[in-house]
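2 protein chains.
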Amino acid sequence: MKIESVDFFYLAMPEIKDIGDGSQDALLVRVRAGDDEGWGECEASPLVTMAAWNCSMSHSACKPVSTSVLGQPFNDPTDITRVHQLVREQSLDLLQTDHLLSGIDIALWDLMGKKSDAAVYQLLGYDRPYPKLPYASQLFGDTPQQTLEKAMTVRAKHYRAAKFGWGPYGRGTVEQDRDHVYAAREGLGKDGILLIDAGTVWQDDVNAAEQRLEALKDCRVTWLEEPFISAALGAYQQLSLKSGAVKLAGGEGCHQAHQAFNMMDYAGLGYIQIDTGRVGGISSAFQVAQHASNQNVTYVNHTFTSYLALSASLQPYAGLESHKICEYPVEATALAREITSNTIVPDQNGMINLPERPGLGMSINPETIKRYQQKVSIQVNNHTIFQSSER
Amino acid sequence: MKIESVDFFYLAMPEIKDIGDGSQDALLVRVRAGDDEGWGECEASPLVTMAAWNCSMSHSACKPVSTSVLGQPFNDPTDITRVHQLVREQSLDLLQTDHLLSGIDIALWDLMGKKSDAAVYQLLGYDRPYPKLPYASQLFGDTPQQTLEKAMTVRAKHYRAAKFGWGPYGRGTVEQDRDHVYAAREGLGKDGILLIDAGTVWQDDVNAAEQRLEALKDCRVTWLEEPFISAALGAYQQLSLKSGAVKLAGGEGCHQAHQAFNMMDYAGLGYIQIDTGRVGGISSAFQVAQHASNQNVTYVNHTFTSYLALSASLQPYAGLESHKICEYPVEATALAREITSNTIVPDQNGMINLPERPGLGMSINPETIKRYQQKVSIQVNNHTIFQSSER
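Just so you know, the sequences run in chain order A and B.
According to my numbering, the first sequence is numbered sequentially starting from 1143.
According to my numbering, the second sequence is numbered sequentially starting from 1143.
Bound conformation, chain A alone (with noise of 0.2 Å):
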């Protein structure tokens, strides 16, 4: 059996507002082979990443992604690590690459799953999959008063955790900064697990972050989320020195599996946070929760999209029973609930479980794709190199 072919399809809302919503579009990828299909999704800039998938070479290690992916055979996982292997290799030096990799591999997965008759954390070795415990994952209000009212309304719907990030958090005072997480503290309940998320914007300046430590630490926040760049070793290292009982957390923008290992081996972090749609899809994500498991850091999924990425996102350390939390987007717009036609919601316990289904378990619904479909085409020399796929 052979990949005979992979589909695009970019998603947006009629209306993008500058937040740090990562939900309000969104690239599906569509891989067939034989009678079967798998379905991926891309974090990433929907439009340069599609364009990654056709553009000319440039060079033997700059090649477009789909020379490595076309027409390859297919017919056990081994496959994917060869593919994806080959698409690091042939695309060494296209950045967006990783990007795009990322939806591939997932849809691959989905694919393998589909014709094994076994979930993705199976192929990956797991015995069974471990309930986690989600946290609502939310953006800090414009005051603390909004703040404090979101955190209540997630208490509310029984969440034990939440995570408070973006927004104003940093770009003000320390006070203000302070107060955000003393309302967020207040609203979620003494016993609630309390995470902040700082969204990278000290970039390294370990002085800015040192000074929301006290505050932190004093409203007992057990992470603190990318103070800084993902690259930022030393800064994360310095800080977490610092931090006493509130660990750091990060590695989100991390596009290798190996960026996620340089920051468990030197950046002293207490959670290793990695978007499966960024850091080279399944594949990927799982060589990082295997060196998580054995570095004794805990790994974390990043996900603020869809039920689609969610799955594809927990899978990978769904295995790993000490690793126990779970980000859970609970703030997502229309069009990332809708991708899938079934959802992946918290149980009577308030945990999350994956879809007892071969794959990652998700039905994607068509309409979603006709309602939210941005139609792209790219010409060189007036050629057409790439076309959007209908449906």
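Hints may be right or wrong, so weigh each one.
Since the list gives no way to pick one copy over another, a pair counts as held whenever it fits inside one copy or between any two copies.
As the list claims (entries may be wrong) - Calculated lysine-lysine pairs in the DSBU-like style (CA-CA distance at most 35 Å, straight line):
| # | residue 1 | residue 2 |
| --- | --- | --- |
| 1 | Lys-1159 | Lys-1517 |
| 2 | Lys-1144 | Lys-1159 |
| 3 | Lys-1159 | Lys-1389 |
The hints are simulated quantities; they were obtained by calculation from the structure and are not laboratory data.
With the hints as your guide, set chain B onto chain A.
Leaving out everything else, chain B in the frame of chain A:
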């Protein structure tokens, strides 16, 4: 004064060969403010990079790069720093950004130099540029005999240093690789500085690289370049403990200064190689050069393309006297050689000197653009969001 326009020119040879020659196409960037213009070059897949200029916003940290550049005040070098930082923040999650920013940043420095009647190295704070010793950078031959002949040719042209890379190296047996290295040493003569470039062929396989060390040591190779991908810090570090007099070199894949800092701080490198057209332009390359100077690692440019790229890649370390060696492309295509109407060639002492002219000191050849330009057009929902500039 404001940044009024940014235009892109995608040039390509009529035939692109499946070899490791990055000079077969080019993406030029022209920036205009007032009566002046500056030029830069991205070392990147041209089409994908262009797509990142004016794609739709995905969210607040995934915006098209144009948002952060067009209309920005442009009066002194701090404006370049500000624009650079704004791009990094607002396009954080658009992976291709760093390659696009590189060309824009270079063009902005060129423009600022022209406006201030100063060379870029002067704007960076260097009193004077020091001549650099060029190494002739080329691909291995397909056979040891071809490698021998290439090395003899380079020697006949009076180069005192040469690098051989890519091609068959690392893809065959240890013995075949050894024969190529011996052939290169024989052709170059016993006194020439010999450098070997493995082009990331072993990914992160320390054992595979280690098997090649004996031949490299026997042939007194100065550095082994890119045995592994840039992010494989641990693999580099392990190999560095065994490589003895053969130092490790790497870094051309870095697309942020921090990634290069990490390679210097954790990977045991002797040489850090930076492509100004990938790392984020002159601003980022200069940061890396300062870090290298502080960390006792030798900075070297990575340049395999045009004289414009060569000037841009030398400016960031022009004033570091003890960082003596520079990469010098000797096999570039006609396209790359003819992008500028002036050239940078070895002086009577065989050394490379920067032009004593404002900015980057290079003059773009409009005929070359006309001859090799590839016209790109991108539509979303039948609305044109990007169109190649006419001259």
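To see whether the hints hold, each was checked on the structure:
Taking CA atoms no more than 35 Å apart as the test, Lys-1159 paired with Lys-1517 passes in both settings, with 20 Å inside one copy and 32 Å between copies. Within a single copy, Lys-1144 and Lys-1159 get their C-alpha atoms only as close as 41 Å, which misses the 35 Å cut-off; across copies the closest is 26 Å, which meets it. Only within a single protomer do Lys-1159 and Lys-1389 lie at most 35 Å apart by alpha-carbon distance; the minimum there is 31 Å, versus 50 Å between protomers.
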